Structure formats: structure tokens, C-alpha cells
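Novice: Take a look at the letters that make up each chain.
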Amino acid sequence: MSSFDPRRVRVDTPMLSRVVKGRRLTYLDSASSSLPPRTVIEAIDRYYSLHHANVHRGVYTTANEATEIFEGARAGVAHFLNAPGGSDEVVFTHGTTESMNLLARSWGAANLRAGDVVLVSQMEHHANIVPWFQLRETHGIEVRFIPVGEDFRLDLSGIDDLMRGVRLVSVTGMSNVLGTINPVAALARVAHEHGALIAVDGAQSVAHLGTDLSALDIDFLAFSGHKMLGPTGIGVFWTRREILADMPPFLGGGGMIRDVREDGYTPATGPTRFEAGTPPIAEAAGLGAAVRYLESLGMDALAAHERELTADALTRLAQEFDGRVRVIGPATPEQRGGVLSLDVEGVHPHDVAQILDQYGVCVRPGHHCAKPLMRRFGLAATARASFGPYSLTADTDVLIEALGEAVKLFG
Amino acid sequence: MNNLDDLYREIILDHYRSPRNRGELESPSARVEGFNPLCGDEIVIYLRVEDGVISDVKMTGHGCSISQASSSMMSTAIKGKTLEQAHRVIDRFKEMMTLKERSLDEAEEPSEPDLRSLGELAALAGVVKFPVRIKCATLSWNTLAQALDEVESAP
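If you're matching them up, the sequences are chains S and Y in order.
Heads up: the first sequence is residues 27 to 437, going by the numbering used here.
Heads up: the second sequence is residues 164 to 318, going by the numbering used here.
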């Protein structure tokens, strides 16, 4: 039985004792970045206070400690993901964006030829679109989009046609705008039946749903530390050991080599081949603490908590505003995460966010780095509220109160 | 909620709800687009300049209340003005958006037509208390400055 209690998470999270504009902080921007618990902050503090040194090859005591912390974090992430090949499959990057670029520039550039198709979806973050456009420019690949239906879910009715010529399916596990949870397992089956591989942008799904890589038959996974209670500046690229072994290095430099001579170099094997330069060591210490903390909460319990909050918010937003506040995303909580993209009739999202700030409510206005999706629904921007493990229905109370003010002010 | 009242003056909301000079111009002297890539605000300004006077101005685009009200007020402030007068209004407006401590009254004596135009524009003075919104208010003005450049550098 999980002992998950959002109030305990709140006590663990220092940022939540902030007072803004005379009110307690109502943090509804976890889809953008989550608030770290004290254990994460302390892990970073402990590293810099006691163990700081560059990792690998150091002989002195603290350098060994730093290496142990760094590699311990890698093992912790592998455990969190239940990675079938363990920590040898976990590459530390600077975030989801770098992980997607690593996928495109290394695996993509080495394996894709002119005319090969990468199938993404209309609901992707720019980080899962632009690297493929860049590869289109250099390698002549085709980038194809799975459409999003009026129900804010992937329209897979034409998937067999869409799969023609596809070598890689690259989709988000959960939309950062709509909250839609995509049927990744089904898409993986389709991809593999067509001889293609599948990559998942897990920036939202790993953080809010968890991912069991021994159960989910995917080939690549990318995610960020700071969206899952960890620090900024670190992310993860995961792929199966045999694929990683064949991927050429992406960034060149120190740390990623086995040998460098005047006539060339031999890259290192394993994850370090993709970790040129001094890696984010303190951030790894923080991410290691974050995954331990998430495991102690239980990802299933956390997902259930956010689902409850979402169901409650969807119902109340529909009741309170008589259609003046529209949620751009699935209207019911099934196969949906705690992301509420709001379109307030007659009030621009920037103005919504500004008015909400007066109530200490943090939401994000804008296109959320998903412009093709915004265009699909004829929107320039939305004001996005999103839940985290520390969110309460009391946060929704304040959100609704502040939205009421926005609606009133703009009449 | 006094702070919000500083930002969302009634006159700003009025311009947002009923923007002036919306639309396009056929064969304008200048047509310039402005973007705010961070928030997605877009504006297109059409100017007709005859004998050094802005005889007509129209605008299309979308954005928040501050950007829309600012562009609407701008259009009424520059319509019928000479290019030189328009430059002065731009300068005064941008000064207002950068000088946080100084009120309009303390600024140097503006000339008669500028005073009239800035009268309404002064409603935007509260924006400087909200630094992230300054770019919303200045988007149309930067775009106008570009349009004037285009007119002035035309053969």
C-alpha cells in the first residue's frame, strides 16, 4: 500500500512555503518545471559541500566519491525505468531537447537515408519536430505527421497508410498542451510490425505516469530531470544496449573517447561515448535523489492523485463558467494527465496569466513550444495550468476564483 | 487588487474590445510585420504617407489586451501627423516605457499635438510596473518605427 499523501509532499517542498502577492503560492506550472523536494536540494548541496570533484579517472578520495554519486544516479535512473539492460543504457544529457537531438544527429544521421520517413504527431513539442526538420535538410528524410482529431487524441484511422516508408515513429507519451496520454504500447506494436523503431518523448509521461521499460516495448526514450522533481540542466536518453552500441558519437571531446591519436580517435563504449565534456554531476546527484523520492511516493499513486485532481477540475471548470472557459484537451480524465490548457473567451492568455498572478497562481501562457498543434486548433496561445504531486483541490479553488476575476474584469 | 487596476485601465480595455483602425490598406506606402516570438503576438501595420503626412494607418494581427490597446492608441495618435511628429510620439512613448520612476508630468514639456496624443497613451504608463509586459506594449511601436524607416528610405 502506498503512503502517498500530497500534504506530506507539500511539507517536503520548500518553494511551497513562498508567499506571493500576500497569498500562498498556487503552483500550477509543473508541466513546465516541477518544484524539487528538500531531499533533491540537499543532495546537490551535499555534493558541492562534501564530494565535489570531476568524475572518472580521479584517484583521490573525493573524486572517487563524485564518480560513485554520478554512476549511482545512473543506476538509480535505470532502476526507476526498470531498464532491461540496466545503467549501461542510460545516457545523461542536458534535457529532453538534447536527448532528441542526440537521437536525430546520431542514430538518425547514421541510419536514415533520403526518402526515409520519420513519423511524428501533430501534438509534438518542437523538440520532437525541429531536429527531424534539420535532418530533412541534411539527409533528405521525410517528416510525416499523425493528425490529431477533434477529440484531442491521435487520429490513427489511417495509420497503415501513414506507416508507408516509416523507419522511426517518434511521439510524445503525454501531450504537454492537451494532457492526452498516447497509446504508446499500441504504436510500438504497429511500428515494429512495419519494421520501424519507436522513440518516446517522455518529458511529461515519465514524470507523471512512470515508464516501465521492461514492460513497454519501445526503442528510445527521452526525458528531463526538472520536470520530475529533479534539477534543471540534466536529462536522460535511453535506448536498448544493442542500438546504443551501434550509434556513432554525437558531441566530440573529453570523456567520450577511448583513445586519441594524431591520426584519429577511438570512441568509448557505453553511455560515456555520448557524454563529452564534464557531465552535470551535481544535477545527477539531484536527479538520483528525485527518482528515489518518486519511488517512495509510488508512480501509480501519484498518477492516480493527478487523475483525481484533473477529473475534479474538469467538472468544476465546466460548471463554473458556463462555457466561457474552454479546456483545450480531452474533456474526461480517461487516458489524460493533469494538464489543463485554458481558453478564456474574450481574454488573451497573457492577460489571464497576469490576473492569476495577482492571486499567487502560476500558470503558463503561450504556445507551449507546440505551434503545429496550436495552428491545428486555430489558437495562438492558451493559459496552461498543470498539476504535480504536491497539488491539491485547494489549488483548483484559487484557480477558479482568479479565473472568475479575469472573466469579470474583461466582461 | 489595485495593482491590476494600474495595468488594466478602462481606456485600455475599451481599445482592446473595440480596436481603432483595424484592417488593411490597398497599395500602402509601407507594410511591416512585427512578431513577438516569445508570446506569439503578431501585428501588421499599413501606412499611407502623402506629402510627409501619415494620411492613413491600418493594422491587423492578434495579441493580448496590452499589445492590442497599445497599437490601437498608437494608430489614433499618429494618424494625420507628419513623419517627424510620429517619430516624436514614438520617442516619448518608448521613454515612458523605460523611465520607471519619472512620471509623464515631470518629463520635458511636450509640444501641443504630442500632449494631446500622449494624453490617452498615458493610460499605458502602468505597464512599466509589470516588466514582462513592456514588450507587449512596445511591439507595435517598434514595428511602426520600422515602417517609418521604410517610408523614409524609399526612393
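If you are wondering where the hints come from, they were derived from the structure by calculation, not from laboratory data.
There's no promise every hint is true.
Below, in silico cross-link-like pairs of lysine-lysine (PhoX-like), each with a Cα-Cα straight-line distance of 25 Å or less [claimed, not checked]:
1) Y/K242 / S/K397
2) Y/K221 / Y/K257
3) S/K434 / S/K47
4) Y/K242 / Y/K257
5) Y/K244 / Y/K257
6) Y/K221 / Y/K244
7) S/K434 / Y/K292
8) Y/K298 / S/K47
9) S/K47 / Y/K242
10) Y/K298 / Y/K242
11) Y/K242 / Y/K221
Bear in mind the structure is a predicted one, so any value in this text is a computation, not a measurement.
Novice: Checking against the hints above, which ones are violated?
Specialist: 1, 9
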